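Chain B: place on chain A using the hints.
First to last, the protein sequences are chains A and B.
Position 275 of the first sequence, counting from 1, maps to 275 under this note's numbering, and the rest follow consecutively.
To convert a position in the second sequence, counted from 1, into this note's numbering, add 408.
These aren't lab readings, by the way, just hints derived from the structure by calculation.
These numbers were taken from a predicted model, which means no experiment stands behind them.
Every residue gets a Cβ at the ideal spot worked out from N, C-alpha and C, and that includes glycine.
Among the hints, erroneous ones may be present.
Stretch by stretch, here's where chain A covers chain B in the computed footprint (C-beta under 8 angstroms, at least three residues) [to be verified]:
(1) 418-432
(2) 470-483
(3) 494-505
Each chain, written out:
Number of protein chains: 2
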Amino acid sequence: MSMVVQKFGGTSVADLDRIRRVARRIKETREQGHDVVVVVSARSGVTNRLVADARALYPNPDARELDMLLAVGEQETIALMALALHAIGVPAVSRTGAQAEIVTDPEHTRARIVRIGGGDIQEQIAAGKVVIVAGFQGVTTIGQTTTFGRGGSDLTAIALASALNAGLCQIFTDVDGVYTADPRVVANARKLGEVTYDEMLELASMGSKVMQSRSVEFAKKHGVLFEVRSSFNNNPGTIVKEEISSMEDVVVRGVAVDKNQVKVAISDLPDQPGTAARVFQNLADADVNVDMIVQNIGRGGVANLTFTVSIDDAYRAERAVGSVIEQFGSGTVSISDRIAKVSVVGVGMRSHSGVAASLFTALAETGINIQLISTSEIKISVAIDVARADDAARVAHDAFNLGASEAT
Amino acid sequence: MSMVVQKFGGTSVADLDRIRRVARRIKETREQGHDVVVVVSARSGVTNRLVADARALYPNPDARELDMLLAVGEQETIALMALALHAIGVPAVSRTGAQAEIVTDPEHTRARIVRIGGGDIQEQIAAGKVVIVAGFQGVTTIGQTTTFGRGGSDLTAIALASALNAGLCQIFTDVDGVYTADPRVVANARKLGEVTYDEMLELASMGSKVMQSRSVEFAKKHGVLFEVRSSFNNNPGTIVKEEISSMEDVVVRGVAVDKNQVKVAISDLPDQPGTAARVFQNLADADVNVDMIVQNIGRGGVANLTFTVSIDDAYRAERAVGSVIEQFGSGTVSISDRIAKVSVVGVGMRSHSGVAASLFTALAETGINIQLISTSEIKISVAIDVARADDAARVAHDAFNLGASEAT
Numbered sequence: 001m002s003m004v005v006q007k008f009g010g011t012s013v014a015d016l017d018r019i020r021r022v023a024r025r026i027k028e029t030r031e032q033g034h035d036v037v038v039v040v041s042a043r044s045g046v047t048n049r050l051v052a053d054a055r056a057l058y059p060n061p062d063a064r065e066l067d068m069l070l071a072v073g074e075q076e077t078i079a080l081m082a083l084a085l086h087a088i089g090v091p092a093v094s095r096t097g098a099q100a101e102i103v104t105d106p107e108h109t110r111a112r113i114v115r116i117g118g119g120d121i122q123e124q125i126a127a128g129k130v131v132i133v134a135g136f137q138g139v140t141t142i143g144q145t146t147t148f149g150r151g152g153s154d155l156t157a158i159a160l161a162s163a164l165n166a167g168l169c170q171i172f173t174d175v176d177g178v179y180t181a182d183p184r185v186v187a188n189a190r191k192l193g194e195v196t197y198d199e200m201l202e203l204a205s206m207g208s209k210v211m212q213s214r215s216v217e218f219a220k221k222h223g224v225l226f227e228v229r230s231s232f233n234n235n236p237g238t239i240v241k242e243e244i245s246s247m248e249d250v251v252v253r254g255v256a257v258d259k260n261q262v263k264v265a266i267s268d269l270p271d272q273p274g275t276a277a278r279v280f281q282n283l284a285d286a287d288v289n290v291d292m293i294v295q296n297i298g299r300g301g302v303a304n305l306t307f308t309v310s311i312d313d314a315y316r317a318e319r320a321v322g323s324v325i326e327q328f329g330s331g332t333v334s335i336s337d338r339i340a341k342v343s344v345v346g347v348g349m350r351s352h353s354g355v356a357a358s359l360f361t362a363l364a365e366t367g368i369n370i371q372l373i374s375t376s377e378i379k380i381s382v383a384i385d386v387a388r389a390d391d392a393a394r395v396a397h398d399a400f401n402l403g404a405s406e407a408t
Numbered sequence: 409m410s411m412v413v414q415k416f417g418g419t420s421v422a423d424l425d426r427i428r429r430v431a432r433r434i435k436e437t438r439e440q441g442h443d444v445v446v447v448v449s450a451r452s453g454v455t456n457r458l459v460a461d462a463r464a465l466y467p468n469p470d471a472r473e474l475d476m477l478l479a480v481g482e483q484e485t486i487a488l489m490a491l492a493l494h495a496i497g498v499p500a501v502s503r504t505g506a507q508a509e510i511v512t513d514p515e516h517t518r519a520r521i522v523r524i525g526g527g528d529i530q531e532q533i534a535a536g537k538v539v540i541v542a543g544f545q546g547v548t549t550i551g552q553t554t555t556f557g558r559g560g561s562d563l564t565a566i567a568l569a570s571a572l573n574a575g576l577c578q579i580f581t582d583v584d585g586v587y588t589a590d591p592r593v594v595a596n597a598r599k600l601g602e603v604t605y606d607e608m609l610e611l612a613s614m615g616s617k618v619m620q621s622r623s624v625e626f627a628k629k630h631g632v633l634f635e636v637r638s639s640f641n642n643n644p645g646t647i648v649k650e651e652i653s654s655m656e657d658v659v660v661r662g663v664a665v666d667k668n669q670v671k672v673a674i675s676d677l678p679d680q681p682g683t684a685a686r687v688f689q690n691l692a693d694a695d696v697n698v699d700m701i702v703q704n705i706g707r708g709g710v711a712n713l714t715f716t717v718s719i720d721d722a723y724r725a726e727r728a729v730g731s732v733i734e735q736f737g738s739g740t741v742s743i744s745d746r747i748a749k750v751s752v753v754g755v756g757m758r759s760h761s762g763v764a765a766s767l768f769t770a771l772a773e774t775g776i777n778i779q780l781i782s783t784s785e786i787k788i789s790v791a792i793d794v795a796r797a798d799d800a801a802r803v804a805h806d807a808f809n810l811g812a813s814e815a816t
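The following block holds chain A by itself, in its conformation from the complex:
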């Protein structure tokens, strides 16, 4: 029998009826001949309620106590899920992060997994039981409860799949899988049968927030094959793995859009070595994540530097740049209105020229002005007016025939 790790997020276990539905799905998986390890999140809303209580008591709550509090959410779900399985005749047992020996560093609220012992999971599986493990939580070597931060339950599932040598890890979520573009925007967007880790990272880190990058990176590093699929239907999802069969043929896998960026433009900086370094060091110190970066030399030997940041970081970025300009004694900073970043992603473009040209041409023909361009090995991104973002996604999707042919 092959082992499957199945992860169900907060919306999939939000109430007792949904917990029952997930239990039936687990039972079906078992009846197909699989050993099943289940990872669950807190019921949706529970974590937010706990955080709200904590902040009401103390606006800047101690991370250790916050972890003690938050771990409650998943512990509730695992016990309820075990009972829901018992109710339909499936032997099941729950395990906290500590009991599953998910050992982490002591960085509370953003702990990193250092080792997974598994506790007695293998013995329980051998005894014919489904094991339900609390996601999002671990334990330090001295027995302190830790949590992993956003997307932590995905990480638990993928790390457990790795530690237990499971044949497959299924991430059940509220979307059907990974699409060539956002189906709400691009009418003929198609679900992809397979994507590579790198493509998933590029697609997931933008508009189609299926998973946090961290879990995908862990899967890539440890070679864990996983599937993203819906908990609300039985459609096959998207398999994510290292290399996919059609890799040679497909240039662009999908189009991603991020409408939550602003453009920060710094002009008239002194054009001397280290200027950019000083700017970005200041931004890093201010905990600002910088995305696309463009530098060019303006008239009169001064440098112009432009980059994009998440709109949430705009204020901190402005302050950080302001202070560095003061130190330089020259320069002005301006922050744009919200812009959109549109990216085409595909492992295949490594070996194909002409992708950039095709994209730029298609946008130009539709009258969409490109404000910034940045590229990586498997991605080309452009910053454009946010009002044209959906148009740009549709145009790019058509330009690479993503809706027409079988892209997987």
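Using the frame of chain A, we list chain B on its own:
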């Protein structure tokens, strides 16, 4: 500095405001120069909600999973209490039952404590912190979460006080302490300054349900001095200990009333050795707790047996007696309407005659008919018409001058 263990029940921590109020009280205790270890219950309503969810999924939930679920309630409170203390500048750290090394047997939902290691409580105290321990829960030697059943948080507090050699254990509750009688019934009932463990056991196991017997028994066995007091005011409560100073002088300490009993009368049983044994073995097998028992020989060599049981057990008692009567081939059973058991309690009555006479005389003068009598070393109980229970309590209270003189 002397160490105090303070226990706060579910109503004392029901919402964030009450948690803040408890935090201030803990701070005051610290400012009086004490090291403080705090034990808290789940917020009132939480445990009931969790049990309701469990039963909705599976009417007869697995005890192990139920424990996993219920432990959540106290874990939530400890973290919130720690944060409430941080908010007023008190260093504090929370510990689950497992982290406090409260080791139990594996009898889920009614586990018994076998050992308290304490974890790092002493080190945290030495580092100047208040330690908040989750009540009601422990851990087996193989890391399974267990709970103690009703009154479990009191047990945690008393057991911790014993293990940590605390000078005092304070049980904060929604009553002021132990009274000579129920103040709602007996207008001049007085709060007792001190009672012995045995008196507490007799008083608490009846009408004035301040604490479960189990915790008092543990305290008695391990010599843990504790105080029962209100979490809603600063009045001194009642100290419970082995021997109290006024023991020689006071005959009766208090009057307790239990209005939830019925009388089971079996007549015309064969009068032969083993009859009563068979009856009570059957009742024990049916999990019926029998309270007062009277047997006498009726006319014609047949035995009559009468006893009282909690009204909740009446049906099971009737069935159990019915089956034993069938085996005997003779006997009839009748179950009374609800009756009241009124008890006078006091360690002093061991060495004083005349207590029974005084009680019976007082009841007779008030026209209250006694249906059954049972006695122990420190208690005389009578079963009477439930309609006269309050009258009986007042008469007995007066007969032993409990309201008039300083009884402590």
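Comparing the hints with the structure gives:
no.	hint	in the structure
1	418-432	holds (count 3)
2	470-483	holds (count 9)
3	494-505	holds (count 5)
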